[in-house]
Amino acid sequence: MTQFSVPIESTALPNGLRVVVSPDRIAPVTTVGVYYNIGFRLEPHGRSGFAHLFEHMMFQGSANAGKMMHIKLINSSGGVLNGSTHHDVTNYYETVPSNALERVLWLEADRMRALKVDDENLRNQRDVVKEEVRVNVLNQPYGGFPWLDMPPVAFRHWPNAHNFYGDFADLDSASLADVQAFFKTYYTPSNAILLMLGDLTPEEGFRLAERYFADIPSGPAPRLADSSELPQTEERRGTVEEKFGTLPAMAIGYRAPRRLTPEWYAAGILDQALHSGRAGRVYRRLVLEQQIAVEADGGMNSLGGDLFDYNGPTLIATRILHKPEYSAEQTLAAFDAVVSEMKEKRIAEEELEQIKVKFRSDYFSMLEGGHGGVPRYGLMHLLACFSLFDNEPGLVNSVLGGFMEVSPEDVESVARQLFVRHNRSIVIRQPAKKGAAL
Amino acid sequence: MSSAPRHEVHSSVPGLAAERPVIWPPRTHANLANGLEIVLVESHTIPKFNGDLFFRSGNAAAGVPGLADLTAGVVRTGTAARSSRQIEEDLRRLGADLASSAGTDTSVISFGGLSEFSEELLRLVAELAQQASFPEGEFERERRQMFEALRIDRTTPGFLAGEGIRKILFAGHPYAQVAPTEAQVEGYRREQLAEYYASHYRPGNALLVMAGDFEPRAMLKQVEKIFSAWSGGAAESSPDPALGEIRGRRVRLVNLPGSVQTQILVGNRAITRKHPDWKKLTLANSIYGGAFNSRLVMNIREQKGYTYSPRSGVHPLRQHGYFSIHAAVRNDVAAATLTEIFYELDRMRSVAVGDDELADARNYLSGVFSLGLATQDGLASQIGTVALENLPDDYLETYREKIRDIQAAEVLDAAQKYFDSANAQIVVVGDRAQIESQVSLFGPVEVQDAQGNRI
Numbered sequence: 000m001t002q003f004s005v006p007i008e009s010t011a012l013p014n015g016l017r018v019v020v021s022p023d024r025i026a027p028v029t030t031v032g033v034y035y036n037i038g039f040r041l042e043p044h045g046r047s048g049f050a051h052l053f054e055h056m057m058f059q060g061s062a063n064a065g066k067m068m069h070i071k072l073i074n075s076s077g078g079v080l081n082g083s084t085h086h087d088v089t090n091y092y093e094t095v096p097s098n099a100l101e102r103v104l105w106l107e108a109d110r111m112r113a114l115k116v117d118d119e120n121l122r123n124q125r126d127v128v129k130e131e132v133r134v135n136v137l138n139q140p141y142g143g144f145p146w147l148d149m150p151p152v153a154f155r156h157w158p159n160a161h162n163f164y165g166d167f168a169d170l171d172s173a174s175l176a177d178v179q180a181f182f183k184t185y186y187t188p189s190n191a192i193l194l195m196l197g198d199l200t201p202e203e204g205f206r207l208a209e210r211y212f213a214d215i216p217s218g219p220a221p222r223l224a225d226s227s228e229l230p231q232t233e234e235r236r237g238t239v240e241e242k243f244g245t246l247p248a249m250a251i252g253y254r255a256p257r258r259l260t261p262e263w264y265a266a267g268i269l270d271q272a273l274h275s276g277r278a279g280r281v282y283r284r285l286v287l288e289q290q291i292a293v294e295a296d297g298g299m300n301s302l303g304g305d306l307f308d309y310n311g312p313t314l315i316a317t318r319i320l321h322k323p324e325y326s327a328e329q330t331l332a333a334f335d336a337v338v339s340e341m342k343e344k345r346i347a348e349e350e351l352e353q354i355k356v357k358f359r360s361d362y363f364s365m366l367e368g369g370h371g372g373v374p375r376y377g378l379m380h381l382l383a384c385f386s387l388f389d390n391e392p393g394l395v396n397s398v399l400g401g402f403m404e405v406s407p408e409d410v411e412s413v414a415r416q417l418f419v420r421h422n423r424s425i426v427i428r429q430p431a432k433k434g435a436a437l
Numbered sequence: 000m001s002s003a004p005r006h007e008v009h010s011s012v013p014g015l016a017a018e019r020p021v022i023w024p025p026r027t028h029a030n031l032a033n034g035l036e037i038v039l040v041e042s043h044t045i046p047k048f049n050g051d052l053f054f055r056s057g058n059a060a061a062g063v064p065g066l067a068d069l070t071a072g073v074v075r076t077g078t079a080a081r082s083s084r085q086i087e088e089d090l091r092r093l094g095a096d097l098a099s100s101a102g103t104d105t106s107v108i109s110f111g112g113l114s115e116f117s118e119e120l121l122r123l124v125a126e127l128a129q130q131a132s133f134p135e136g137e138f139e140r141e142r143r144q145m146f147e148a149l150r151i152d153r154t155t156p157g158f159l160a161g162e163g164i165r166k167i168l169f170a171g172h173p174y175a176q177v178a179p180t181e182a183q184v185e186g187y188r189r190e191q192l193a194e195y196y197a198s199h200y201r202p203g204n205a206l207l208v209m210a211g212d213f214e215p216r217a218m219l220k221q222v223e224k225i226f227s228a229w230s231g232g233a234a235e236s237s238p239d240p241a242l243g244e245i246r247g248r249r250v251r252l253v254n255l256p257g258s259v260q261t262q263i264l265v266g267n268r269a270i271t272r273k274h275p276d277w278k279k280l281t282l283a284n285s286i287y288g289g290a291f292n293s294r295l296v297m298n299i300r301e302q303k304g305y306t307y308s309p310r311s312g313v314h315p316l317r318q319h320g321y322f323s324i325h326a327a328v329r330n331d332v333a334a335a336t337l338t339e340i341f342y343e344l345d346r347m348r349s350v351a352v353g354d355d356e357l358a359d360a361r362n363y364l365s366g367v368f369s370l371g372l373a374t375q376d377g378l379a380s381q382i383g384t385v386a387l388e389n390l391p392d393d394y395l396e397t398y399r400e401k402i403r404d405i406q407a408a409e410v411l412d413a414a415q416k417y418f419d420s421a422n423a424q425i426v427v428v429g430d431r432a433q434i435e436s437q438v439s440l441f442g443p444v445e446v447q448d449a450q451g452n453r454i
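Chains as they are written, first to last, in numbering that gives the first Met the number 0: chain R, 0 to 437; chain U, 0 to 454.
Calculated directly from the structure, the hints in this document are not laboratory data.
Here a beta-carbon is modelled for each residue, glycine too, at the ideal position from N, C-alpha and C.
Do not rely on the hints blindly, as some may be mistaken.
Okay, derived cross-link-like pairs now, DSSO-like style, lysine-lysine, Cα gap no bigger than 30 Å in a straight line [what the hints assert, rightly or not]:
no.: 1; chain 1: U; residue 1: 166; chain 2: U; residue 2: 278
no.: 2; chain 1: R; residue 1: 71; chain 2: U; residue 2: 278
no.: 3; chain 1: U; residue 1: 273; chain 2: R; residue 2: 66
no.: 4; chain 1: R; residue 1: 242; chain 2: U; residue 2: 303
no.: 5; chain 1: R; residue 1: 71; chain 2: U; residue 2: 401
no.: 6; chain 1: R; residue 1: 71; chain 2: U; residue 2: 416
no.: 7; chain 1: U; residue 1: 401; chain 2: U; residue 2: 416
no.: 8; chain 1: U; residue 1: 273; chain 2: U; residue 2: 401
no.: 9; chain 1: R; residue 1: 115; chain 2: U; residue 2: 303
The following residues of chain R were derived to be distant from chain U, with all beta-carbon distances above 10 Å [as the list claims (entries may be wrong)]:
no.: 10; residue: 70
no.: 11; residue: 166
no.: 12; residue: 210
no.: 13; residue: 230
no.: 14; residue: 360
no.: 15; residue: 390
no.: 16; residue: 402
no.: 17; residue: 427
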């Protein structure tokens, strides 16, 4: 079996900022990321969508780089940049020709030190975010399905159950004072990590991190709200209207085990048995063989995340678009037969072996690239999450081993534990104009 | 530590360090006796490799819209030796991904997997390219899936806008057909797919591009061993009917009742990648709306907040090309957005770009061009473009330098030729009741439903 590991060097500055460097000399290209340990799960109560709106504000200007300067300086250095808000982290990242590394760090440090935005910026980005929600959710067939539809059905605790993209009324009532307070609370060096990957040496990375970030004042570590959920004791169901699309859809989510526990590794393999593309059991049975569904996919923490990037309650979720001649109950029965089989018939060694080969192959690809043409995005993302959640960036090189050790008995046992009715939630998305001419 | 005082370190933008050399790895080229063209390049980022087996025929060559697409879809569902299930499980066993699809001018089997299993994966790819068996049941299932996917596509604003602009810009040409009608999908027969496959999936019509963790000489031997028994000459080239002239600005409104946003797409016919103006047009596009830091994005997103992700782009096809601008905006600013789109086009056409903005755009294009070097995918995509479009061997090596030589007058010239605002075609997808009067300010309006029927 091919071994593969990435070099990782890490340190921390006195103000609490963690710094991780993973060098390679493949190309004269460097990717830089800054992650903050705050996402939409813990945004302020009554301010749904705020973490994401705030992410937009971080591009609106900082003490020495006014509005548009971040974008202009990165693009004109030959690089690309973006940011994204997740359940438990928010990231800002740039990929540039490596001669622009210092400039990127200067920009990231400037906005970590002092955000400089006004009401006009906030009004502007509130409008932009509303159009983002419209283009991705409100004006798209199956928009937000099921990543926005499932949480209010599956969870009872506001941090997990609210609208992560934001209700427009909440977006409208967000103020500049909220922006500055959020910045002050969560965007402190000790709640962040700086990552540098690609064409640089660890010494260079650490020296430049010190130069640009060391004198950013350290704030108190934020008190993170409790996002735990009580164990689920009954099946939960919800229905949402599909305004544009023509097919009925359904999502089924089972509460998943805690990260890095033995059950979690087993569930990762179980998830692959069900959802690994066209060979996975769900697609094979529902789409290829029984032909009840036309689309079926899913995964652990697949509602807006991946296997590794969460730090709270999540689901193993399946998303199905099915033919209108099958009812929701018929579709669910076919799905149930697939998951029941995981409990009742132990997975064959041969299938398990296939799944493990595919798992490690996918893992390597994720580290190498993984997101919109940004080299090492996946590696950056994992290093950040393993550092912020687990204080152990080296998990990037060791976590795969845990999945490779999972046995057929482990898979069967975790299937029995998870795949019970009272541990699941179901969302039906029903087209408004059933069978009508388009 | 630096000797500069802290406040200076923090207040002034650091300059760029000396550029580290951009070195494109050598490509290994070969042509097999059966006509298969091969390009290989090493990239040792991870112990994997990926590749594309291209056929130089796509939907435009099929006669019936979408037929090449469905053919590609069914190719992976069975061969003389393997069932659909066997193929999918073999792929998983090899740690591999595979996708088969067709675009306008090409069909492709794309694959990637662990280097340790490269021989077995290549054998499977070769089998799909030569011995696909088009099982009746698989064909029927894939056809139904295509039918359902199309019905959903025709409720998707971005899809409808893209379909609309191609119909207008390439009327009378195969490029006008982005997707079939429902009736056309129902009319496909299995034999048509098999026939298309037999006449286009041939080594004389094919190009194999691979990048990854392998030694090129050894990989070439392996490829020769696996692909040399394949036979079949070049495919007949597809027809290229003359295009009529497009005069005057016109608006097509695709009515999607209940839309809470208006999808705008504005387009002009443009050029292929081989055209001498290609790089100038690319640079002009990057200044206009092709980058985050572009005029259009600054205007309608960052100043006015009309939209989230507006962009312009140049789209090369084999025989023609087009330039287009898209923005999804709130309904009450459809007219205001079109005004800004045309204002910025006309500014590009009438006022030469300043030195700083030109330098920034040159740096942007030349910089992002080399980002692909860092991944196997990025590298495969760059060398694939060069080989597929028969660009010069030194295309990658000279691209950056050529971009950096482009002058303001050349950008102005490209804008005047291709940002033809007076004859630009406009497609808007949205709720007619909310936008028709707004868009009628920009030209005569024709209203259609999502199926393309005039209403």
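Check: Which earlier hints can't be squared with this structure?
Finding: 3, 10, 12 and 14
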